[in-house]
Amino acid sequence: MANFILRKAEPKDVSDILRLIKELAKFEEMEDQVILTEKDLLEDGFGDHPFYHCIVAEVPKQHQSADGHVIVGFAMYYFTYDPWIGKLLYLEDFYVMKEYRGFGIGSEILKKLSETAVRTRCSSMHFIVAEWNKPSIDFYKRRGASDLSLEEGWRLFKIDKQNLLKMTSEE
Amino acid sequence: MDKFILRKAEPKDVSDILRLIKELAKFEEMEEQVVLTEKELLEDGFGDHPFYHCVVAEVPKDKQSLEGYTVVGFAMYYFTYDPWIGKLLYLEDFYVMQEFRGYGMGSEILKMLSETAVKTRCSGMHFIVAEWNTSSIEFYKRRGASDLSHEEGWRLYEIDKCNLLKMSSK
Numbered sequence: 006m007a008n009f010i011l012r013k014a015e016p017k018d019v020s021d022i023l024r025l026i027k028e029l030a031k032f033e034e035m036e037d038q039v040i041l042t043e044k045d046l047l048e049d050g051f052g053d054h055p056f057y058h059c060i061v062a063e064v065p066k067q068h069q070s071a072d073g074h075v076i077v078g079f080a081m082y083y084f085t086y087d088p089w090i091g092k093l094l095y096l097e098d099f100y101v102m103k104e105y106r107g108f109g110i111g112s113e114i115l116k117k118l119s120e121t122a123v124r125t126r127c128s129s130m131h132f133i134v135a136e137w138n139k140p141s142i143d144f145y146k147r148r149g150a151s152d153l154s155l156e157e158g159w160r161l162f163k164i165d166k167q168n169l170l171k172m173t174s175e176e
Numbered sequence: 022m023d024k025f026i027l028r029k030a031e032p033k034d035v036s037d038i039l040r041l042i043k044e045l046a047k048f049e050e051m052e053e054q055v056v057l058t059e060k061e062l063l064e065d066g067f068g069d070h071p072f073y074h075c076v077v078a079e080v081p082k083d084k085q086s087l088e089g090y091t092v093v094g095f096a097m098y099y100f101t102y103d104p105w106i107g108k109l110l111y112l113e114d115f116y117v118m119q120e121f122r123g124y125g126m127g128s129e130i131l132k133m134l135s136e137t138a139v140k141t142r143c144s145g146m147h148f149i150v151a152e153w154n155t156s157s158i159e160f161y162k163r164r165g166a167s168d169l170s171h172e173e174g175w176r177l178y179e180i181d182k183c184n185l186l187k188m189s190s191k
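Sequence lines, in order, name chains B and A. Each residue of the first sequence is one higher than the one before, counting from 6 in this note's numbering. Each residue of the second sequence is one higher than the one before, counting from 22 in this note's numbering.
You may find that some hints are simply not true.
[Claimed, not checked] Derived PhoX-like pairs (lysine-lysine); straight-line CA-CA distance at most 25 Å:
| no. | chain 1 | residue 1 | chain 2 | residue 2 |
| --- | --- | --- | --- | --- |
| 1 | B | Lys103 | B | Lys116 |
| 2 | B | Lys171 | A | Lys162 |
| 3 | B | Lys27 | B | Lys44 |
| 4 | B | Lys139 | B | Lys13 |
| 5 | B | Lys44 | B | Lys13 |
| 6 | A | Lys29 | A | Lys43 |
| 7 | A | Lys47 | B | Lys92 |
| 8 | A | Lys29 | A | Lys84 |
| 9 | A | Lys82 | A | Lys43 |
| 10 | B | Lys92 | A | Lys162 |
| 11 | A | Lys43 | A | Lys84 |
| 12 | B | Lys146 | B | Lys116 |
| 13 | B | Lys92 | A | Lys33 |
| 14 | A | Lys132 | A | Lys24 |
| 15 | A | Lys33 | A | Lys47 |
| 16 | B | Lys139 | B | Lys31 |
| 17 | B | Lys117 | B | Lys103 |
| 18 | A | Lys47 | B | Lys171 |
| 19 | B | Lys92 | B | Lys66 |
| 20 | A | Lys29 | B | Lys171 |
| 21 | A | Lys60 | B | Lys92 |
| 22 | B | Lys44 | B | Lys17 |
| 23 | A | Lys43 | B | Lys92 |
| 24 | B | Lys171 | A | Lys132 |
| 25 | A | Lys84 | A | Lys132 |
| 26 | B | Lys44 | A | Lys140 |
| 27 | A | Lys47 | A | Lys60 |
No lab work stands behind these hints, which were simulated from the structure alone.
Next up, chain B with everything else stripped away, as it sits in the complex:
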């Protein structure tokens, strides 16, 4: 199997995008944490103001997956802003179905993202990787990625909805 194309996701792809999001979450043993719906993905990605962008990898019908899918990989990204240098491309999710790995789909996706980043005048690409995910870390390091958490000591924090509501109601 060497035939595949990469293209911008379209509204019709939201079902496949959600399926692949869940598959990746399953790999991280977090599948039940995915509460996003196809309706959310449609509104948030294909409305007036897209909150994310997607690239999908598609194979010809004769190479469809065991369950009959032709969308076999995706990358979800959006633009962020660094106050020192400006626009950045932020890679949020990146996944290729297991049976389609080893054919260069991942590399091509990353290449396409790099072209997008350069074309839209982004200074770099950022993303997070779980510290235990050695194969991913090596994949990215081979392409010149550096661990900012290690070099600069950054730690990612969150304030969840409950605590946000608490703050909004405080005097």
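Model the placement of chain A on the given structure of chain B, informed by the hints.
Chain A alone, transformed into the frame defined by chain B:
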């Protein structure tokens, strides 16, 4: 000094925003790393598609800073997307000039951001903090922040322009 207002930044504020970005960078001993210009801040924040949003804290003229500034604090944020839960508000920069601290500006800014996040149906607010910055970590933890890097082992990575160009030309 307890009088101040918070408002959405306007194009006229880009000069103050850049000044405050540089002050915060100076605190992190990284001032020369700020290559962003007022022109870029203007294009990127106030064009058809804003890449960031800003809230500024302003004091009355009679309470201006030593150098004569009335915009004395700011927060820069934008929206990100979590594939499991959807929209998030991402707090990128957050700074109040030293002489104006202790009057509740920081708390008010964070409260305003929380309201924005809730109003725009975000599931949460994310931000990064340097592990050595104990006072900021305490400030956020008091407001319910949890350290995802600690709990979930996430590490922030970067592929810089040089390597992006390398990849795109292969």
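Results for each hint:
For the suggested pair B/Lys103 and B/Lys116, the alpha carbons sit about 20 Å apart, so the restraint of at most 25 Å is met. Restraint check for B/Lys171 and A/Lys162: the C-alpha separation of about 13 Å stays at or below 25 Å, so the hint holds. Our distance criterion of 25 Å between C-alpha atoms is met by B/Lys27 and B/Lys44, whose separation comes to about 15 Å. Pair hint B/Lys139 plus B/Lys13 does not hold up; C-alpha atoms about 29 Å apart against a cutoff of 25 Å.
Proximity of B/Lys44 to B/Lys13 is assessed by CA-CA distance (about 19 Å); at most 25 Å being required, the pair is judged to hold. For the proposed pair A/Lys29 and A/Lys43, the alpha carbon gap of about 20 Å is at most 25 Å, so the pair holds. Between the alpha carbons of A/Lys47 and B/Lys92 the distance comes to roughly 21 Å, so the proposed pair stays at or under 25 Å and holds. Pair hint A/Lys29 plus A/Lys84 holds up; C-alpha atoms about 20 Å apart against a cutoff of 25 Å.
Only pairs whose Cα atoms come within 25 Å are accepted, and A/Lys82 paired with A/Lys43 is accepted, the gap being roughly 22 Å. Our distance criterion of 25 Å between C-alpha atoms is broken by B/Lys92 and A/Lys162, whose separation comes to about 29 Å. This hinted pair checks out: A/Lys43 and A/Lys84 have alpha carbons roughly 22 Å apart, not beyond 25 Å. At most 25 Å may separate the alpha-carbon atoms for a hinted pair to count; B/Lys146 and B/Lys116 meet this at roughly 14 Å.
A C-alpha spacing of about 21 Å is found between B/Lys92 and A/Lys33, which places the hinted pair at or below 25 Å, so the restraint holds. With a C-alpha separation of about 17 Å, the suggested pairing of A/Lys132 with A/Lys24 holds against the 25 Å cut-off. For a cut-off of 25 Å, the pair hint linking A/Lys33 to A/Lys47 stands: about 23 Å separates their Cα positions. With a C-alpha separation of about 17 Å, the suggested pairing of B/Lys139 with B/Lys31 holds against the 25 Å cut-off.
Only pairs whose Cα atoms come within 25 Å are accepted, and B/Lys117 paired with B/Lys103 is accepted, the gap being roughly 20 Å. A hinted pair counts as satisfied when its Cα atoms are at most 25 Å apart, and A/Lys47 with B/Lys171 does not qualify at roughly 33 Å. For the suggested pair B/Lys92 and B/Lys66, the alpha carbons sit about 38 Å apart, so the restraint of at most 25 Å is broken. For a cut-off of 25 Å, the pair hint linking A/Lys29 to B/Lys171 stands: about 22 Å separates their Cα positions.
The hinted pair formed by A/Lys60 and B/Lys92 meets the criterion: a straight-line CA distance of about 13 Å does not exceed 25 Å. The hinted pair formed by B/Lys44 and B/Lys17 meets the criterion: a straight-line CA distance of about 11 Å does not exceed 25 Å. For a cut-off of 25 Å, the pair hint linking A/Lys43 to B/Lys92 stands: about 17 Å separates their Cα positions. Between B/Lys171 and A/Lys132, the direct Cα distance comes to roughly 9 Å. Compliance with the 25 Å bound is thereby established for this hinted pair.
Note on A/Lys84 and A/Lys132: the hinted pairing holds, with a Cα-Cα distance of about 23 Å set against a maximum of 25 Å. For the suggested pair B/Lys44 and A/Lys140, the alpha carbons sit about 19 Å apart, so the restraint of at most 25 Å is met. At most 25 Å may separate the alpha-carbon atoms for a hinted pair to count; A/Lys47 and A/Lys60 meet this at roughly 21 Å.
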